[in-house]
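> So you can see what is in the structure, the chains are spelled out below.
Protein chains: 2
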Amino acid sequence: MEWLDKVRWADNGLVPAIAQDAATHRVLMVAWMNREALTRTFETGEAHYWSRSRARLWHKGEESGHVQKVKALRLDCDEDVVLLEVEQVGGIACHTGRESCFFRRLDNGDWVSTDPVVKDPDEIYRK
Amino acid sequence: MEWLDKVRWADNGLVPAIAQDAATHRVLMVAWMNREALTRTFETGEAHYWSRSRARLWHKGEESGHVQKVKALRLDCDEDVVLLEVEQVGGIACHTGRESCFFRRLDNGDWVSTDPVVKDPDEIYRK
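Which chain is which? The protein sequence lines are A and B, in order. For the first sequence, the positions run 1 to 127 when our numbering is used. For the second sequence, the positions run 1 to 127 when our numbering is used.
What the hints contain is simulated information worked out from the structure, not anything from laboratory work.
What follows is a list of derived Cβ distance ranges for each label pair:
{"id": "1", "chain 1": "A", "residue 1": "Ala23", "chain 2": "B", "residue 2": "Ala55", "range": "38 to 46 Å"}
{"id": "2", "chain 1": "B", "residue 1": "Glu79", "chain 2": "A", "residue 2": "Trp9", "range": "21 to 29 Å"}
{"id": "3", "chain 1": "A", "residue 1": "Leu57", "chain 2": "B", "residue 2": "Lys69", "range": "35 to 43 Å"}
Straight-line distance between alpha carbons at most 30 Å, and here's what the computed DSS-like set of lysine-lysine pairs gives:
{"id": "4", "chain 1": "B", "residue 1": "Lys71", "chain 2": "A", "residue 2": "Lys119"}
{"id": "5", "chain 1": "B", "residue 1": "Lys71", "chain 2": "A", "residue 2": "Lys71"}
{"id": "6", "chain 1": "A", "residue 1": "Lys6", "chain 2": "B", "residue 2": "Lys119"}
{"id": "7", "chain 1": "A", "residue 1": "Lys69", "chain 2": "A", "residue 2": "Lys119"}
{"id": "8", "chain 1": "B", "residue 1": "Lys119", "chain 2": "A", "residue 2": "Lys71"}
{"id": "9", "chain 1": "A", "residue 1": "Lys119", "chain 2": "A", "residue 2": "Lys71"}
As the structure is a prediction and not an experimental result, all values here were calculated from the model. Cβ atoms here follow ideal geometry from the backbone N, Cα and C, with glycine treated the same way.
Okay, chain A solo, but in the shape it has when bound:
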């Protein structure tokens, strides 16, 4: 697939991938993709990433059910960052049970949580 070759994979074979909610436009999370993750994302229509900590392909939502249905894939001008416009199933992208991983805002010299926990992580991951 020629479009895959247009992505400028870093020396470690990865590029950053941003997931943005297609409806609310909230930036949900940033993870990493290798060729296989992007290929699987394209083929299945659901976001797949490369988990650096677990060193394996990661189908987002595989445990939580909070999969991301991809509405559009975008590439930046330098061709080294991918943007996914997604429908976030469950309205929760973050493993802390919040909508977005960017739930902290710098306020008076400290990072302050601005977002509620939608669902207790213990409930999300106990199954």
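With the hints as your guide, set chain B onto chain A.
Frame of chain A; chain B shown alone:
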């Protein structure tokens, strides 16, 4: 500044930084920050990045005038990605003269430009 120490800088001293338009919510660009870039961003209220290609601090808009006025700084759950909510002066973040660097969408197996050039880059950078 303690909040700076809470950021998990990678071994190369950098973290990815996403700029999102605070009004339109469009994801404008992704660049990299080191401690100095984030410090300068905080102190001046305008986005500063670390240019990896030029290996120097980069005040976004220093040539083009298209500076980014920071409305909020956010940090993700892993504390290794920064999100900037910005007012994009000139409405152009991309060096190609487009609003966003993510002007390409995957369409029928190819990356297709979906965004107009707002201003010719030759006009932006000739001064």
